[in-house]
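J.: Chains A and B, in that order, are what the protein sequence lines are. Once you know that position 70 of the first sequence is 70 in the working numbering, the rest is easy, because the numbers rise by one and skip nothing. Each number in the working numbering comes from the position in the second sequence (counting from 1) with 1000 added on.
Don't take every hint at face value.
Not close to chain A: a few residues of chain B, all C-beta gaps over 12 Å, as computed [stated by the list, open to error]:
{"hint": "1", "residue": "Arg-1022"}
{"hint": "2", "residue": "Glu-1075"}
{"hint": "3", "residue": "Ala-1080"}
{"hint": "4", "residue": "Asp-1085"}
Here's a subset of chain B near chain A, in silico, CB distances under 7 Å, partners left out [said to hold, decoys possible]:
{"hint": "5", "residue": "Gly-1042"}
{"hint": "6", "residue": "Phe-1045"}
{"hint": "7", "residue": "Arg-1057"}
{"hint": "8", "residue": "Tyr-1100"}
{"hint": "9", "residue": "Phe-1104"}
{"hint": "10", "residue": "Pro-1106"}
{"hint": "11", "residue": "Gly-1107"}
Because the hints were derived from the structure by calculation, they are not lab data. Owing to the predicted nature of the structure, the values given are computational and were not obtained by experimental measurement. Glycine included, C-beta positions come from ideal geometry on N, C-alpha and C.
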Amino acid sequence: AQSVTQPDIHITVSEGASLELRCNYSYGATPYLFWYVQSPGQGLQLLLKYFSGDTLVQGIKGFEAEFKRSQSSFNLRKPSVHWSDAAEYFCAVGFNTGGFKTIFGAGTRLFVKA
Amino acid sequence: DAGVTQSPTHLIKTRGQQVTLRCSPKSGHDTVSWYQQALGQGPQFIFQYYEEEERQRGNFPDRFSGHQFPNYSSELNVNALLLGDSALYLCASSLIGQGYEQYFGPGTRLTVT
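Go ahead and model the full structure; you've got the sequences and the hints to work with.
T.: Quick look at the structure:
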């Protein structure tokens, strides 16, 4: 069965420090991979997505993610975190089965300290 | 260009009641998906509608049903509400064949007491 694992429930980083959020997925083929961000009380905003090609993808707000097939991972990174990055981050897997379906991980809450 | 809109923003219902949530997709989109996000968890796929038919369904009981109208807007209905149905309900729209380009609405917060 398809699944997404985000091993870190929450992470705290200092403002200006680098960030890496982990994501592992289980799927028989190369899926569509996504990272979304959700601020309190808000909907989901797409940060970036991967379908094929270059395994390092750039997204909005200075985020990037790297797809590693051998590790079934799609980790999110940012070189320098800003206080406004504090939010919940979700990794997701999408695939076509007669209609597109998306499975989300449980999320990682990012706290940013001054 | 209006994005995905949902109504109401919040509502409170009692166990056993029925509720209807509404979603208007982003202009030009023809496919609507619904997700349930319980507190502290990731969104879970409920179902997807295209051409007024349910195309995909997640692992949700029949108490959860939906509808899509000719203008592509959609409703999510939940019957016989349980306390466990309390959650943020998210609607996402896309174009058929481009389901990877989903746009999410702000959600409806449902509280069941």
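J.: B/Arg-1057 was flagged as interface toward chain A. Is the shortest Cβ-Cβ separation under 7 Å?
T.: violated, 9 Å
J.: Given a cut of 7 Å on the nearest C-beta pair, is the interface hint for B/Gly-1107 held or broken against chain A?
T.: holds, 5 Å
J.: Please verify that hint: B/Phe-1104, Cβ, nearest Cβ of chain A, below 7 Å or not.
T.: holds, 4 Å
J.: Beyond 12 Å from every chain A Cβ: check whether that's true for B/Arg-1022.
T.: holds, 15 Å
J.: Just want to verify: B/Glu-1075 was marked as not at the interface with chain A; is every Cβ pair farther apart than 12 Å?
T.: Holds, since 18 Å exceeds 12 Å.
J.: Closer than 7 Å between Cβ atoms is the bar; does B/Gly-1042 clear it against chain A? Give me holds or violated.
T.: For B/Gly-1042, the interface hint holds, since the closest Cβ of chain A sits about 4 Å away, which is under 7 Å.
J.: Beyond 12 Å from chain A, beta-carbon-wise, is B/Asp-1085?
T.: About 18 Å separates B/Asp-1085 from the closest Cβ of chain A, which puts it past 12 Å; holds.
J.: Close enough to count: is the Cβ of B/Pro-1106 nearer than 7 Å to one in chain A?
T.: holds, 4 Å
J.: How about B/Phe-1045: closest beta carbon in chain A under 7 Å, or not?
T.: Holds, because the Cβ-Cβ distance from B/Phe-1045 to chain A comes to roughly 6 Å (cut-off 7 Å).
J.: Should the hint that B/Tyr-1100 touches chain A count as held when the rule is a Cβ pair under 7 Å?
T.: Result: holds, 5 Å to nearest chain A Cβ.
J.: Could you check that no beta carbon of chain A comes within 12 Å of the beta carbon of B/Ala-1080?
T.: holds, 26 Å
The structure shown violates just one earlier hint, number 7.
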